[in-house]
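Following the hints, complete the assembly by docking chain S onto the known chain Z.
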Amino acid sequence: MAVLEMNHIKKVFGGLTVLEDISLHVDEGEVLSIIGPSGSGKSTILRCATFLEKIDGGEFSYMGRKAAWEENGSVKYADKASLKEIKKNFGLVFQNFNLFPHYSVMKNLTDAPLNVQKRQKDEVMAQAEDLLKQMGLSDKGDAYPYQLSGGQSQRVAIARALMLNPGILFFDEPTSALDPELTGEVLRVIKSLADKNMTMVIVTHEMKFAHDISDRMIFIDGGVIVEDCTPEEMFSSKNERLQSFLGKLETTY
Amino acid sequence: MSLSTMLVQMGDGMLKSISIFIWTLVLSLPLGLIVSFGRMSKNRILRGIVTFYISVMRGTPLMLQLLVVYFGPYYLFQANIGAYRYTAIIFGFVVNYAAYFAEIFRSGIQSMPKGQYEAADVLGYSRSQAFMKIILPQVMKRILPPVTNETITLVKDTSLAYALAYSEMFSIAKQIAAAQTTFTPLIVAAVFYYIFNYVVAGIMSYIEKKLSYYR
Chain Z
1 MAVLEMNHIK KVFGGLTVLE DISLHVDEGE VLSIIGPSGS GKSTILRCAT
51 FLEKIDGGEF SYMGRKAAWE ENGSVKYADK ASLKEIKKNF GLVFQNFNLF
101 PHYSVMKNLT DAPLNVQKRQ KDEVMAQAED LLKQMGLSDK GDAYPYQLSG
151 GQSQRVAIAR ALMLNPGILF FDEPTSALDP ELTGEVLRVI KSLADKNMTM
201 VIVTHEMKFA HDISDRMIFI DGGVIVEDCT PEEMFSSKNE RLQSFLGKLE
251 TTY
Chain S
1 MSLSTMLVQM GDGMLKSISI FIWTLVLSLP LGLIVSFGRM SKNRILRGIV
51 TFYISVMRGT PLMLQLLVVY FGPYYLFQAN IGAYRYTAII FGFVVNYAAY
101 FAEIFRSGIQ SMPKGQYEAA DVLGYSRSQA FMKIILPQVM KRILPPVTNE
151 TITLVKDTSL AYALAYSEMF SIAKQIAAAQ TTFTPLIVAA VFYYIFNYVV
201 AGIMSYIEKK LSYYR
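Heads up: the protein sequence lines correspond to chains Z and S, in order.
Our numbering puts the first sequence at residues 1 to 253.
Our numbering puts the second sequence at residues 1 to 215.
Pulled out of the complex, with its shape left as it was, chain Z reads as follows (with noise of 0.2 Å):
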């Protein structure tokens, strides 16, 4: 079974199509990624996916349950409770990580668990703990996320999605506010959890590291898929538009 799966979503900003009509399905495992220019609505993908804007057209589920869909053309969301649920599935890592800078490290990783889904502090510290160690950043657990480096920061934000056990991960250009260095440690943690067979779809721009890591790729311009393929695929394409972006036609300068 799909664990996300979105069919002909349309989503409009004020008139502006953004996104025209996307399919697409991730499926247990898999890492997919999600290439194309600036503004070609890759990342207004993960936000409708992960509820922050609302589609205007199409439908798309979760794990088969639906969380939102068409009915006399106008678009309808599953109900509170529901989406409560499905929620649930799905975890999100920003550009910008968005911790909370009020909280230290461990709280940033425990608030949620705790608080919201009342989880039992024992098993929720040594979980945290746990994933800090994985993310190479045991020591940080009292430090202030203004205390911590792009890199260290962006690391914290994955452990922190990660403690909500998410089914499937998103990243939206986890590493376009960081500078090549730590740039590095980010992608690499991404990649051990590929290895772990993590679900994952990556908005990046860094195509080497999309190549080496997905099971998929797709590349997205002015709102369409153009290309849906695996990676070896998507570097041999003989679509125009695709070769333009990756720099490989011939310049003219």
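The reader is advised that the hints may include incorrect statements.
[What the hints assert, rightly or not] Quick list of in silico lysine-lysine cross-link-like pairs, BS3-like style, CA-CA up to 30 Å:
1. Lys107(Z) / Lys42(S)
2. Lys133(S) / Lys87(Z)
3. Lys210(S) / Lys141(S)
4. Lys114(S) / Lys87(Z)
5. Lys54(Z) / Lys210(S)
6. Lys76(Z) / Lys66(Z)
7. Lys118(Z) / Lys88(Z)
[To be verified] Rough simulated footprint, nothing fancy, chain Z against chain S, three-plus residues with beta-carbon under 8 Å:
8. 154 to 160
9. 205 to 215
Hints are computed from structural coordinates only; laboratory data are not their basis.
In this text, a Cβ means the ideal position worked out from N, Cα and C, and glycines have one as well.
This is chain S only, laid out in the frame that chain Z set:
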């Protein structure tokens, strides 16, 4: 009149000034937060009413507002609220200061980056949980400097209660000064307000330090 008798008489007024200050602060801060919600409401009518209320409160003298609160009911409905002088004073102060605090809260809330709401939402916080746990604590830190300004102004504004012939410290100082033809009570009053504000500023900077554990 000896200085000690003078101080005893004024001491009673000081307690009244302090009580106006404390009640106004304790009531107008939460009320200001509620008013700021109205000011930011999506409902145009509610937002319009609240915006008008704030502009009147900020656009007319507090002394005049106190007179309206206290004497208004009599002129409008022949209702004598003479027995509720203290309540009227607190009411006037709270309604005025809530308007100022509302604008401070609004600026603080609107200065919060959208990403904080989004991160909380994705982590499963409800809207009210996100506001109380994630947004409001950070807003508090951001608005502390302007709130300190207002609080210091409030200390001095308590003297306006003399317009309703309420015997807080400043009224008593004036009375004694006029009756005894001496300048001393006014100097005592000045020292009182100065020390009061010195303490208030000290407390506020202590809170500011407490909140400086993060950026």
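Status of the hints after comparison with the structure:
Proposed proximity of Lys107(Z) and Lys42(S) is contradicted: the alpha carbons are some 33 Å apart, above 30 Å. Only pairs whose Cα atoms come within 30 Å are accepted, and Lys133(S) paired with Lys87(Z) is accepted, the gap being roughly 20 Å. Distance hint between Lys210(S) and Lys141(S) is fulfilled; the C-alpha atoms sit about 10 Å from each other, no more than 30 Å. A threshold of 30 Å between alpha carbons decides the hint, and for Lys114(S) with Lys87(Z) the separation of about 19 Å falls inside it, so the pair holds.
For the hint linking Lys54(Z) to Lys210(S), the alpha-carbon distance of about 40 Å lies beyond 30 Å, and the restraint is violated. Between the alpha carbons of Lys76(Z) and Lys66(Z) the distance comes to roughly 10 Å, so the proposed pair stays at or under 30 Å and holds. The straight-line distance between the Cα atoms of Lys118(Z) and Lys88(Z) is roughly 13 Å, inside the 30 Å bound, and the hint therefore holds. Here the region 154 to 160 of chain S counts 0 residues with a CB under 8 Å from a CB of chain Z, which misses the bar of 3, and the coverage is violated.
Note: the region 205 to 215 of chain S has 3 residues with beta-carbon separation from chain Z under 8 Å; the three-residue rule is met and the coverage holds.
Violation of the numbered hints given earlier is confined to hints 1, 5 and 8; the remaining hints are satisfied by the structure.
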